[in-house]
Structure formats: structure tokens, C-alpha cells
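There are 2 protein chains.
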Amino acid sequence: MTALERLTAELGPHVSVDPRHLAAVRADKSGWVAPGMPLAVVSAASVEQVQATLRIATEFRVPVVTRGAGTGLAGGACGTNGAIVLSVERMNRILSIQPEDELAVVEPGVLNGDLNTALSAHGLWFAPDPASRAFSTVGGNIATNAGGLLCAKYGVTREAVLALTVVLADGSLLETGHRTVKGVTGYDLTALLTGSEGTLGVIVQATVRARAITPGETVTIGATFPDVAQAAAASTLLTAARLRPAVMELIDPVALALIVAHLGPHLSQGVPAGGAFLLVQTDGPASRAEADQAVAVLRAAGGAVRVSTDAESADRLLAVRRAAHPALAAHGDVLIEDVCVPRSRLAEMFERIAEISARTGLPIPTVAHAGDGNLHPNFLIPFDPARGSAAPVVPEQVWAAAGELFRAALELGGTLTGEHGVGVLKRRWLAEELGDTGFDLQRRIKEVFDPLGILNPGTMFEPKARR
Amino acid sequence: MTALERLTAELGPHVSVDPRHLAAVRADKSGWVAPGMPLAVVSAASVEQVQATLRIATEFRVPVVTRGAGTGLAGGACGTNGAIVLSVERMNRILSIQPEDELAVVEPGVLNGDLNTALSAHGLWFAPDPASRAFSTVGGNIATNAGGLLCAKYGVTREAVLALTVVLADGSLLETGHRTVKGVTGYDLTALLTGSEGTLGVIVQATVRARAITPGETVTIGATFPDVAQAAAASTLLTAARLRPAVMELIDPVALALIVAHLGPHLSQGVPAGGAFLLVQTDGPASRAEADQAVAVLRAAGGAVRVSTDAESADRLLAVRRAAHPALAAHGDVLIEDVCVPRSRLAEMFERIAEISARTGLPIPTVAHAGDGNLHPNFLIPFDPARGSAAPVVPEQVWAAAGELFRAALELGGTLTGEHGVGVLKRRWLAEELGDTGFDLQRRIKEVFDPLGILNPGTMFEPKARR
Numbered sequence: 007m008t009a010l011e012r013l014t015a016e017l018g019p020h021v022s023v024d025p026r027h028l029a030a031v032r033a034d035k036s037g038w039v040a041p042g043m044p045l046a047v048v049s050a051a052s053v054e055q056v057q058a059t060l061r062i063a064t065e066f067r068v069p070v071v072t073r074g075a076g077t078g079l080a081g082g083a084c085g086t087n088g089a090i091v092l093s094v095e096r097m098n099r100i101l102s103i104q105p106e107d108e109l110a111v112v113e114p115g116v117l118n119g120d121l122n123t124a125l126s127a128h129g130l131w132f133a134p135d136p137a138s139r140a141f142s143t144v145g146g147n148i149a150t151n152a153g154g155l156l157c158a159k160y161g162v163t164r165e166a167v168l169a170l171t172v173v174l175a176d177g178s179l180l181e182t183g184h185r186t187v188k189g190v191t192g193y194d195l196t197a198l199l200t201g202s203e204g205t206l207g208v209i210v211q212a213t214v215r216a217r218a219i220t221p222g223e224t225v226t227i228g229a230t231f232p233d234v235a236q237a238a239a240a241s242t243l244l245t246a247a248r249l250r251p252a253v254m255e256l257i258d259p260v261a262l263a264l265i266v267a268h269l270g271p272h273l274s275q276g277v278p279a280g281g282a283f284l285l286v287q288t289d290g291p292a293s294r295a296e297a298d299q300a301v302a303v304l305r306a307a308g309g310a311v312r313v314s315t316d317a318e319s320a321d322r323l324l325a326v327r328r329a330a331h332p333a334l335a336a337h338g339d340v341l342i343e344d345v346c347v348p349r350s351r352l353a354e355m356f357e358r359i360a361e362i363s364a365r366t367g368l369p370i371p372t373v374a375h376a377g378d379g380n381l382h383p384n385f386l387i388p389f390d391p392a393r394g395s396a397a398p399v400v401p402e403q404v405w406a407a408a409g410e411l412f413r414a415a416l417e418l419g420g421t422l423t424g425e426h427g428v429g430v431l432k433r434r435w436l437a438e439e440l441g442d443t444g445f446d447l448q449r450r451i452k453e454v455f456d457p458l459g460i461l462n463p464g465t466m467f468e469p470k471a472r473r
Numbered sequence: 007m008t009a010l011e012r013l014t015a016e017l018g019p020h021v022s023v024d025p026r027h028l029a030a031v032r033a034d035k036s037g038w039v040a041p042g043m044p045l046a047v048v049s050a051a052s053v054e055q056v057q058a059t060l061r062i063a064t065e066f067r068v069p070v071v072t073r074g075a076g077t078g079l080a081g082g083a084c085g086t087n088g089a090i091v092l093s094v095e096r097m098n099r100i101l102s103i104q105p106e107d108e109l110a111v112v113e114p115g116v117l118n119g120d121l122n123t124a125l126s127a128h129g130l131w132f133a134p135d136p137a138s139r140a141f142s143t144v145g146g147n148i149a150t151n152a153g154g155l156l157c158a159k160y161g162v163t164r165e166a167v168l169a170l171t172v173v174l175a176d177g178s179l180l181e182t183g184h185r186t187v188k189g190v191t192g193y194d195l196t197a198l199l200t201g202s203e204g205t206l207g208v209i210v211q212a213t214v215r216a217r218a219i220t221p222g223e224t225v226t227i228g229a230t231f232p233d234v235a236q237a238a239a240a241s242t243l244l245t246a247a248r249l250r251p252a253v254m255e256l257i258d259p260v261a262l263a264l265i266v267a268h269l270g271p272h273l274s275q276g277v278p279a280g281g282a283f284l285l286v287q288t289d290g291p292a293s294r295a296e297a298d299q300a301v302a303v304l305r306a307a308g309g310a311v312r313v314s315t316d317a318e319s320a321d322r323l324l325a326v327r328r329a330a331h332p333a334l335a336a337h338g339d340v341l342i343e344d345v346c347v348p349r350s351r352l353a354e355m356f357e358r359i360a361e362i363s364a365r366t367g368l369p370i371p372t373v374a375h376a377g378d379g380n381l382h383p384n385f386l387i388p389f390d391p392a393r394g395s396a397a398p399v400v401p402e403q404v405w406a407a408a409g410e411l412f413r414a415a416l417e418l419g420g421t422l423t424g425e426h427g428v429g430v431l432k433r434r435w436l437a438e439e440l441g442d443t444g445f446d447l448q449r450r451i452k453e454v455f456d457p458l459g460i461l462n463p464g465t466m467f468e469p470k471a472r473r
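Listed in order, the protein sequences are those of chains A and B. To convert, take the position in the first sequence, counting from 1, and add 6; that gives the working numbering. To convert, take the position in the second sequence, counting from 1, and add 6; that gives the working numbering.
Note that these hints are calculated values from the structure, not bench results. Mixed in with the good hints, there may be bad ones.
No copy is singled out in the list; a pair is fine if it fits within one copy or between any two copies.
In silico lysine to any residue, SDA-like type, Cα no more than 25 Å apart, as pairs [stated by the list, open to error]:
| hint | residue 1 | residue 2 |
| --- | --- | --- |
| 1 | K159 | A169 |
| 2 | K35 | E354 |
| 3 | K470 | A247 |
| 4 | K470 | T315 |
| 5 | K470 | P19 |
| 6 | K35 | R365 |
| 7 | K159 | L324 |
| 8 | K35 | N98 |
| 9 | K35 | A239 |
| 10 | K470 | E417 |
| 11 | K35 | P232 |
| 12 | K470 | A360 |
| 13 | K470 | G18 |
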């Protein structure tokens with residue numbers, strides 16, 4: 007009996023080998039498409055089905071790629087050749103909301119946005135807010151330790167995960183963590199699994215922290231600066247003034263010009279195309295006072311400042327930031343990078359980007375979560391009409407420039423990925439950041455969880471050379 | 007050459023075999039004293055000396071117990087028989103404070119209080135606030151993932167640690183984490199090491215997050231209730247009202263009677279000895295409004311409420327809580343337990359404690375960090391004048407009652423240690439909480455870091471049977 011026959015025998019209608027289905031799960035939102043074709047897609051509807059899939063994978067030594075909504079940006083959930091793609095999208099129930107304990111218990115396929123809708127009835131929210139929140143899953147948020155716009159103030163996903171239920175490589179069930187706010191019994195496997203990108207186990211249930219919705223009005227500030235250095239310096243001054251805005255987004259002039267051209271003069275709110283744009287939101291009971299302080303800092307730093315307290319005009323300002331990806335995507339396939347540097351080094355990182363761009367001749371439009379030093383430099387890969395529906399090919403010249411970006415970020419005390427993960431696309435730089443000792447330890451931890459190497463092989467670590 | 011000769015040859019004046027010194031490091035603040043006598047105390051002053059110690063320990067297969075200020079409450083840093091006690095107390099420099107990045111880089115022996123003093127000059131603070139903060143080290147806070155009074159609002163130690171430098175069992179150096187707010191390159195070894203109680207490596211440097219000092223005035227509320235059930239219910243109602251006080255401490259009637267008797271009528275601020283006491287602090291720009299809401303909730307829940315906004319009278323109310331340990335210690339050796347339950351189960355846990363106390367005849371005075379469901383039930387062990395300076399012996403009857411407490415906490419969805427750690431004193435219950443799969447994984451992770459089993463053996467895990 008083959009692995010596929012066994013899957014079909016045990017999981018029947020949950021197993022698909024429809025070529026369109028198989029082709030679709032080879033890609034995520036990074037633009038990368040796995041070569042070859044996966045063996046099958048298992049759309050699990052229960053923990054038991056996940057366990058059965060892993061038992062079969064172990065028995066037949068077949069790789070398993072766990073997948074949620076497929077919104078990843080690092081190629082970490084793409085169906086590789088011969089792999090079982092284990093979709094948990096149908097495991098999308100909110101199992102319980104416990105307002106008195108400020109937590110929710112969910113299956114991994116619940117959309118972040120759906121969880122937030124359900125929590126809002128109790129005056130609660132789930133703080134992790136990747137830009138994909140409307141269509142990304144909580145399981146995927148956890149598997150990548152997703153960030154977002156609000157992290158500097160409200161934390162990353164790791165800080166919102168209390169407990170996990172995980173199916174291990176051999177199909178056994180592991181429970182980690184606590185339903186309590188605190189708990190120090192044993193090693194923190196919940197944190198180890200958060201951000202492990204499907205390489206240690208399959209998350210089948212999560213207990214997540216819910217927060218009280220922040221009271222008070224949100225104040226939105228848009229500030230334009232002549233250049234990105236001034237805008238970055240202004241964001242550093244805001245932090246130095248001990249302000250912690252809920253949102254602080256920076257758009258560099260290269261990206262801003264594309265956005266303004268894309269939106270047109272009306273929708274771009276009169277934001278001039280020539281400069282850099284800084285978007286700041288304050289919230290909470292002191293939002294007005296904090297906004298006043300922020301405005302003073304931004305003006306002193308040379309910004310032309312506009313303030314909105316009504317939701318509608320605030321939305322219009324936010325729309326400028328939200329248009330970044332569509333504006334870029336109108337010009338080609340977009341490779342989004344994701345470096346992060348200490349906040350004080352933001353201006354220097356922008357300098358390095360400009361320098362790499364000038365030297366390579368590649369435009370690198372960049373947006374940044376300035377509140378936490380996380381930059382998304384983008385590379386535009388012109389459409390190739392000849393490729394049809396095939397995968398876009400990132401030119402080696404672009405990878406070389408991306409590699410220079412990563413090294414620049416490391417030199418400034420930063421990291422090669424702030425929130426998207428290593429996936430397939432950044433694994434070649436992993437050892438450089440971790441160092442030999444750290445890299446070796448991480449590989450050995452992987453082997454503890456996955457001795458046969460069947461869990462998402464090729465993600466995070468380079469595939470082992472075949473014998 | 008013996009291990010001791012080699013230590014002396016390489017580390018000369020940093021090695022002590024003074025019997026008083028050796029005896030002193032056998033104990034921590036738990037009351038537990040390790041049997042036998044350690045081999046030597048190495049007081050390291052540099053990373054290189056830590057590395058040399060570990061290399062020698064590896065070569066001679068000698069256990070190493072890393073120790074900071076010795077303020078632990080679980081027996082996790084006590085010099086066991088024949089072990090090298092590696093003290094990092096002298097590594098107490100603050101290496102840098104970077105206000106613009108809201109972080110500090112410190113050696114492990116820095117006192118939490120000293121770091122806070124240094125940070126305050128920049129309008130910053132280090133949020134982890136164990137009750138021992140004046141005399142416990144940052145390295146110890148990290149090794150135990152210390153909690154404290156402010157966790158529900160400001161997080162536990164794990165959330166304040168960005169990066170670590172760690173000496174591994176073989177003397178090699180590992181760097182983990184980032185100086186950035188976000189970073190998802192590889193597995194989160196920083197979180198894995200936080201709370202690992204000296205069993206995975208020796209922390210020799212930490213990059214920690216500093217927070218802007220919370221602006222606004224702090225309002226302190228003292229509320230007395232006829233019984234602990236009502237006080238616990240009131241604390242649950244505060245959370246349900248979506249309030250998140252900075253501090254919410256509960257003292258049960260058994261503990262309160264001892265405190266009031268200890269302080270006398272004047273110092274105990276007229277708090278009646280017959281009931282339970284709930285201490286609440288709100289802070290931040292909306293502290294007055296939040297305090298008003300809290301007072302309304304507490305009164306509706308049957309509390310007799312007093313409010314202080316001046317620092318002096320607030321301090322007097324806080325002094326009632328602070329007197330808990332001295333009041334108990336006046337009656338005997340104190341075994342402090344540390345269970346944690348979901349906040350909504352707090353009243354039930356108090357019921358279970360009362361029931362265990364009634365059945366065993368042991369008084370169990372209890373204080374709780376009610377904001378996060380973390381209870382400290384205490385056992386009093388009468389002084390035995392015959393024992394002199396020898397270790398207090400916890401009667402088997404007390405351990406049996408403690409075991410019942412742990413099981414009750416687990417049944418309520420809680421954990422056996424909220425913030426003190428497993429150490430030696432709770433290791434016998436570890437497997438029960440983790441389950442076989444989790445326990446086995448944790449042991450194998452330990453083996454990846456420490457294949458020879460020389461790092462703090464007997465802490466967290468039962469010692470392996472000798473061949």
C-alpha cells in the first residue's frame with residue numbers, strides 16, 4: 007500500500023488529489039511557488055484526522071506541510087514536491103470565549119478577523135494584527151509569531167498565546183502552557199512552538215489571551231517630511247519622548263510616489279509625492295494629550311502635520327498606508343522583505359537601503375513599522391508575459407541585493423526577519439544570523455521533535471543533502 | 007589532577023572552599039538546604055571565567071549550580087553535594103542603557119532594584135517586580151521567569167527579555183534573540199532559556215526591555231470583606247468589568263489575622279482582623295476614573311472601601327501586604343507555595359485550600375496576586391530548637407497537603423508554580439502537570455543543551471538513578 011492509498015483509506019473524502027487543488031497549495035502570498043507537485047491535500051476537520059495524517063506520514067516517511075489560509079510571505083507553507091499538504095482551514099471553530107479569564111480557545115483555522123468579531127461582543131480583542139488579519143488564520147499567526155502595526159504597544163503574537171495543543175510528528179498529542187496568566191512549570195514550549203513555522207508540530211488548538219478593548223478615542227496624525235532621514239529621525243524622537251503610539255508607520259519617498267500615483271490626487275489626501283510620510287495613531291484615555299505631544303515633536307522635527315479625530319478622515323489617512331502593496335503590485339510581482347533594526351538605527355537602515363538601491367540600480371520602495379524598527383523594503387519584479395500562470399522567478403540580482411539588506415540589518419544590530427518568518431526564502435541566511443552554535447542547537451531541537459525530518463522540511467533550514 | 011586543583015590552578019582567587027562559604031550556598035530563601043557539601047564556590051567576575059568553569063566541569067563531569075543572590079523559593083540554586091557553585095553575583099555591571107531603544111544590557115548579577123534606579127534617570131523602568139526586587143538579581147529573575155505584583159498589567163519577565171548571552175555546558179558561548187522589538191529568525195531560544203532554572207546554560211549577559219515610566223498618579227484602594235469568597239468574587243468582577251489594575255492583592259482571613267496581630271492596631275491601619283483584605287492600585291492617565299469604577303464594583307460586592315491618593319497613606323496600606331511574610335515567619339519556618347489558577351477559579355481555589363486545611367488540621371494562611379490568579383498558600387513549620395543551624399525539615403504531612411494543593415490547582419485548570427519555579431521542591435509533581443509526552447520532550451531538550459547532565463542536576467527533573 008502506498009502513502010496515498012493509506013491516506014485515502016483512512017481519511018477518504020478529506021483527501022484531494024485534484025490537480026488544480028494541488029497546484030493552488032504550492033504558492034503563498036510571497037510570490038514563491040514550490041517546484042514539483044505535492045502528493046495530496048488533506049483537509050482535516052478534527053484533531054484525530056491530523057493525528058492519522060501524521061501517523062501515516064511517519065510510517066511512509068512522507069513530508070508534511072501544514073497550511074492555513076496560505077497568506078504567508080516567506081514560502082513557509084507551500085506544498086513541496088511529494089509532500090502531504092495538511093490544511094487546517096476547516097478546523098475553524100471558536101471553541102470557547104471566557105470573558106472572565108480574558109481568553110479564548112480556538113481551532114487553528116479560525117480567521118484572526120472572525121475571532122476579533124466574536125471577542126468584540128465581550129469588550130475584548132485579540133491584539134496580534136498582521137496586515138492580513140481579515141484573511142489570515144490564528145494558527146498561521148502563531149506558527150509565524152506574526153507581528154503587525156500595533157506590536158510596539160500591544161506586543162507580538164507570542165505574548166498573546168497561553169497554551170497550545172500540538173500533534174507531533176508521530177501523531178501523538180502534546181499540550182503546552184497554561185490557561186493562567188502566569189505559569190513557570192518546565193520549559194516554555196508554548197513560546198518555542200510559536201514562530202516554529204510548522205517544523206516542530208501541527209498546532210490543533212490554541213488558548214489565546216484577549217485584551218480589554220482600549221477605551222478612549224483614537225487620534226490619527228499624518229506628517230510629511232522632505233526626506234526619509236528626517237522622518238526616521240522624527241520617529242526616533244517620539245520614542246525618546248517616552249511616547250508609545252499605537253501605530254507609527256513610515257513610508258519612504260520611493261514608495262510614497264508610487265502610492266500617490268496609484269491613488270490619484272483625491273484619494274491620496276493631498277499628501278505630496280516628493281517626501282516621506284509618517285502616520286501616527288495614539289489611543290487610550292490620554293490619546294489627545296499624547297497626540298498633542300506627538301504633534302509638537304513632529305513639527306519641531308520639520309514635519310508638516312495634519313490631525314484627524316473623526317474616524318472617516320482617519321481612515322482616509324490610513325488608506326494611504328494600506329495602498330502601499332496594491333500600488334507596488336500594479337508594477338510587477340513584489341518581493342517583500344522584512345528586516346528589523348533597533349529603533350535608533352532606523353535612519354541608518356534607510357541610508358543603507360538607498361545606497362544598495364543606487365549601486366544595484368534596483369528601486370527599493372520601503373514602508374516601515376517605525377515604532378519597532380521593522381522595515382519592509384520591496385523589490386519589484388517586472389511581469390514576464392511569457393510565464394503565464396507559472397511562478398514568478400526572482401532574479402539572482404534581486405536575491406543578491408536582498409542579501410546585502412540582510413547583512414546591513416545584522417550589522418546595525420538587527421535581524422533578517424521581523425515578522426514574516428524564515429520560510430524557504432530566507433533560510434540561506436539563517437546560519438549567518440544565528441551563528442554556528444545557535445544554528446547547531448536549533449537543528450538539534452528540531453531533531454528532538456522531528457527525528458525523521460518529515461515536518462515542513464526545507465522551511466527554516468536548508469534541506470539535508472540526500473544520501 | 008582533581009577538578010578542584012584544576013579550578014584553583016585556572017581561577018585562583020575566585021575559588022573558595024571556606025566551609026562557611028560552602029555552607030551558606032547550600033540554602034536559598036525557601037527554607038530548603040541541600041544535603042552534603044558543595045565542592046567549591048567560584049565567584050566569577052567575567053564571561054571567560056564562567057567559560058573556564060564550565061570547561062572544567064565538563065572535563066571532570068562535575069555538576070554546576072549557578073547562583074545569583076540566592077533569593078529563590080524553590081531550592082533551584084542550592085549547592086548540592088560535590089557540585090561547583092558558580093556565583094555570578096560579582097558580574098553586576100550595567101553595560102549600557104540605550105534610552106532611544108528602550109533597552110538595557112546587563113550582567114546577570116545586577117540587582118533588579120539597582121537596574122531600576124539607573125533606568126529611572128531616563129524615565130524608564132524594568133517591569134519585572136518580584137517581591138525580592140531590592141535584593142534579587144536580574145539573572146535570577148530571568149532564570150526563574152520571575153513574576154511579581156504587576157504582571158497582570160505589565161507582563162512577566164519573559165516579556166522583558168530581548169536577548170541573552172549564555173555559556174553552554176561545554177563552555178561555548180551562545181547568543182540568542184535580538185536587540186529589536188520584533189524578530190522571528192529561528193526558534194525562540196531566548197524564551198526557552200527564560201525560566202530554565204540553570205538547567206540549560208549559564209546566563210552571562212542579558213538585553214532587557216525598559217518601559218516608559220507610567221505617567222499619572224497612582225490610586226490605592228483597600229477593601230475589606232467578611233470572607234475570602236466574597237473578596238475573590240470581587241476581584242473577578244473587577245476583571246470582568248474590563249479593568250486591569252496595576253496591583254490587585256488578596257489576603258485571606260488566616261493570613262490577615264496573623265498580619266494584624268504582628269503589626270498591632272496602629273500599623274495595621276484599622277484593617278479588621280476578622281475578614282479578607284483586597285488591595286488594588288490603578289495607575290496611568292486614567293487612574294482616578296478607573297479607581298472610581300473599581301470602588302463602585304468593590305462596594306457593590308460587599309466591600310468596606312478606603313481610597314488613598316497620597317503616597318504616604320498608600321504606603322501604609324501596602325505595608326499591610328508587605329508584612330505578610332514577616333508576620334508568618336514570626337511563628338515558624340515558612341514554606342511558601344505558589345499555585346496559579348484561571349482568575350475565574352480563584353474563589354474555588356480558596357475553597358479547596360480551606361477544605362485541605364480543615365481536613366489536615368494545618369493552618370494555610372494565603373495571599374494571592376488576584377489579578378492573575380496566582381496564590382501563595384503558606385505552611386508554618388514550628389521552630390525546632392534542637393536543630394540549631396541545620397536545615398528545617400518539612401514534615402511529610404505538609405508535603406502531602408502541598409501535593410493536594412497542586413492537584414486542586416491542576417483540576418481547576420491551573421499550574422503548580424506561577425512564578426517561583428519548579429526547583430528541587432516541586433520536581434516530584436512536574437510529570438503530573440506536563441503529562442508523559444511533554445515531560446519526555448522537555449527531558450530531551452535538556453539533553454540537547456546538557457548531554458552530560460552537569461547543569462543543575464536535580465533541579466526541575468528528578469535526578470537520574472545512578473548506574
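Looking at the structure, which of the earlier hints fail to hold? 2, 3, 4, 5, 6, 9, 10, 11, 12 and 13
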